[in-house]
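Colleague: Note that this note's numbering numbers the sequence shown so that position 304 is 904, with each residue one more than the last.
Honestly, the hints are just simulated from the structure, not real lab data. All figures in this text were calculated on a predicted structure; none of them were measured in a lab. A virtual CB, placed ideally from N, CA and C, is assigned to each residue, including glycine. Take the hints with a grain of salt, since some may be wrong.
[Stated by the list, open to error] Distance windows between CB atoms, simulated:
1) Arg1030 with Asp836: 32 to 40 Å
2) Ala1051 with Pro748: 31 to 39 Å
3) Glu822 with Arg1101: 28 to 36 Å
4) His1060 with Pro1124: 50 to 58 Å
5) Asp954 with Glu1165: 35 to 43 Å
6) Arg1030 with Val1091: 27 to 35 Å
7) Arg1101 with Thr866: 39 to 47 Å
8) Gly833 with Asp1125: 51 to 59 Å
9) Gly1182 with Ser1023: 45 to 53 Å
10) Phe878 with Arg1159: 52 to 60 Å
11) Arg1030 with Arg1076: 32 to 40 Å
12) Ala1084 with Thr866: 15 to 23 Å
13) Arg713 with Ser1023: 51 to 59 Å
14) Glu1027 with Ala1169: 30 to 38 Å
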Amino acid sequence: HFSHAYTDAASLAVWLALPSVVEATRGASAVLVQVYAAELDDPALAAILAQLRAALPDACIVGASTVGELLDGRTLTERIVVGLSAFESARVQVVAVPVEPGCEAAAAAAAARRLRSDGEGLCAALLLATPLSLDAAVLVGALGANLPGVQVFGGGAGDYALHRRSAVFTDAERHERGLVLVAFRGESLRVEARSYLGWRPLSREMTLTECDGLEVRRIDGERAFDIYRRYLGIDDPTRFFLDALEFPLLLSRDGRELARVPVAVTDDGGLRFVADLFEGERVRLGYGDPASIIGDALEVGDALRAFEPDAIFLYTCGCRRFLMQEDVEQETLPFQAIAPTFGFYTYGEFLGRDARIDLLNSTMVAVGFSERPRRHDSERPSDELASAADADPTSIDPYANQHARIVGRLVHFIGSVSADLESAHSEVLRLSRIDRLTGVLNRAGLDEALASELARQSRHREGLALLLIDIDHFKRVNDEHGHAAGDRALVHVASVLAEGRRSYDIVGRWGGEEFMVVLPHEGPDAAHAIAEKIRRRLEESPLPPVGRLTASFGLTVWRDGDSAERLLARADAALYVAKREGRNRVRLAPD
601 HFSHAYTDAA
611 SLAVWLALPS
621 VVEATRGASA
631 VLVQVYAAEL
641 DDPALAAILA
651 QLRAALPDAC
661 IVGASTVGEL
671 LDGRTLTERI
681 VVGLSAFESA
691 RVQVVAVPVE
701 PGCEAAAAAA
711 AARRLRSDGE
721 GLCAALLLAT
731 PLSLDAAVLV
741 GALGANLPGV
751 QVFGGGAGDY
761 ALHRRSAVFT
771 DAERHERGLV
781 LVAFRGESLR
791 VEARSYLGWR
801 PLSREMTLTE
811 CDGLEVRRID
821 GERAFDIYRR
831 YLGIDDPTRF
841 FLDALEFPLL
851 LSRDGRELAR
861 VPVAVTDDGG
871 LRFVADLFEG
881 ERVRLGYGDP
891 ASIIGDALEV
901 GDALRAFEPD
911 AIFLYTCGCR
921 RFLMQEDVEQ
931 ETLPFQAIAP
941 TFGFYTYGEF
951 LGRDARIDLL
961 NSTMVAVGFS
971 ERPRRHDSER
981 PSDELASAAD
991 ADPTSIDPYA
1001 NQHARIVGRL
1011 VHFIGSVSAD
1021 LESAHSEVLR
1031 LSRIDRLTGV
1041 LNRAGLDEAL
1051 ASELARQSRH
1061 REGLALLLID
1071 IDHFKRVNDE
1081 HGHAAGDRAL
1091 VHVASVLAEG
1101 RRSYDIVGRW
1111 GGEEFMVVLP
1121 HEGPDAAHAI
1131 AEKIRRRLEE
1141 SPLPPVGRLT
1151 ASFGLTVWRD
1161 GDSAERLLAR
1171 ADAALYVAKR
1181 EGRNRVRLAP
1191 D
């Protein structure tokens, strides 16, 4: 791999004529040229692409607009950089596809079909796309479905924080709404891709209460912009992106920690993102921890050193450069000590395979390439076994690189204070959602839990059932045995409902003598069997001095497009049927 920072056509010609470059490209099975440019309308860009095509007629040439460029592990700004990778035996194929509005899945499927039609052996793919102008989450989801088993990595094109236009391109075409996909094939080709975040939560946990596509309208019932205004003092929506760049929303999804960076304020006070968020997801405001970022970089560097790459490509979020300022090379430069390192600062990063291709924000994606068999440690010189930490560019000057250290201390302090406040807030919140008599969720807790489950179900469609349960003849218990006995009866029923439940089942007191059970991952037959089991257990566990207690059960299951109101209305209607038919029975709402 060879890298070049463009200054003029003459220097590019000299670089292309270097004996090492000529020798590598002459005998190569494939040549990939990546071009990353700060300014799309720079007149030099078209000339560079033409010059590269003339010098390398068989090369695959791709590129993107950026928010910063990486060359030899160092950060450049407002430049054009060229990276040339010559392969010994692997094959490289490029597909560029425009994306019409709302057609992300179809465009991704079409690109994948073109790659698959070229034969077997597809092992990895570089994705460059334009998240500013399309739904990149849909795009990567469709790619995963259509490229099974293929490692996908890459970055989203940027525009130096202007958020107006970005593009991906080859030497023959450019798309401001589209994707470029580079396929790698080869039995000897090894690819190792890693990512890390390094952002830490600052705020309490909050719930996304209203979302529409890539817009978040409300968080905890408030306008989303007001959350940033209140916590961070960001008042000017016209420069929101620059003010909020370092403060993404952090969330956990399917066991993975993700960040989402807001890019603009909508007219109604919502926030626009370039990556997906869903109603019901729990989020926190986050901030980058330089110490964690640098530590993660060294850890990933050690993993790549063991992998023994011939080249390392970095696709790293522009907010990392904004956060780290002059210290950003403490993260990127150690990779250059391992192998030639090249890449760009992005608007979103891509990484994964199959159904787990993630659209990332605020992360670093580091990808090692090699066509050599990996050696055992016993075959490697001792100096090659050194940790990436040995390449830490920190100066011995005690005043150097203090920005990251100071910010790290502040982040640690804020995190500790936030943890204390979060613990107190969580306890208050828990108490506000618990029914004081029975110890199960109260109406407010059930409302929140049901909303969260409905949001999850609308995404994953794994099944959801709802039980409404009413104690039979409860007024008679109060009248004959007193209200204290009635309270004991409510506690008894709550304990029967909670007994034997799975960790993800939800039990609560809906009000009065009515209870609710939410059963995730269940269809009608399994849910009916669970309800019958609960009904029998209650009937067979008498409570002195009341005696035998029974209850009537109304059951329904989730249907496509269901709201909480629709689900509850069907369960309530089924409960009414159970009571009308004689009580102490389970009735399923009809389809």
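Colleague: Each hint should be assessed against the structure and marked as holding or not.
Modeller: Here is how each hint holds up against the structure:
1. Arg1030 with Asp836: 32 to 40 Å: Given about 37 Å between the Cβ atoms, the range holds.
2. Ala1051 with Pro748: 31 to 39 Å: The hint (31 to 39 Å, Cβ to Cβ) holds, given that Ala1051 and Pro748 are roughly 34 Å apart.
3. Glu822 with Arg1101: 28 to 36 Å: Given range 28 to 36 Å: holds, Cβ gap about 33 Å.
4. His1060 with Pro1124: 50 to 58 Å: Given a distance of about 18 Å, which is not inside 50 to 58 Å, the answer is violated.
5. Asp954 with Glu1165: 35 to 43 Å: 37 Å, holds
6. Arg1030 with Val1091: 27 to 35 Å: 19 Å, violated
7. Arg1101 with Thr866: 39 to 47 Å: Because 41 Å falls inside the window, the suggested range holds.
8. Gly833 with Asp1125: 51 to 59 Å: 54 Å, holds
9. Gly1182 with Ser1023: 45 to 53 Å: 49 Å, holds
10. Phe878 with Arg1159: 52 to 60 Å: 19 Å, violated
11. Arg1030 with Arg1076: 32 to 40 Å: 34 Å, holds
12. Ala1084 with Thr866: 15 to 23 Å: 55 Å, violated
13. Arg713 with Ser1023: 51 to 59 Å: The hint (51 to 59 Å, Cβ to Cβ) holds, given that Arg713 and Ser1023 are roughly 52 Å apart.
14. Glu1027 with Ala1169: 30 to 38 Å: This hint holds: roughly 34 Å between Cβ atoms.
Consistency note: the structure conflicts with the earlier hints numbered 4, 6, 10, 12.
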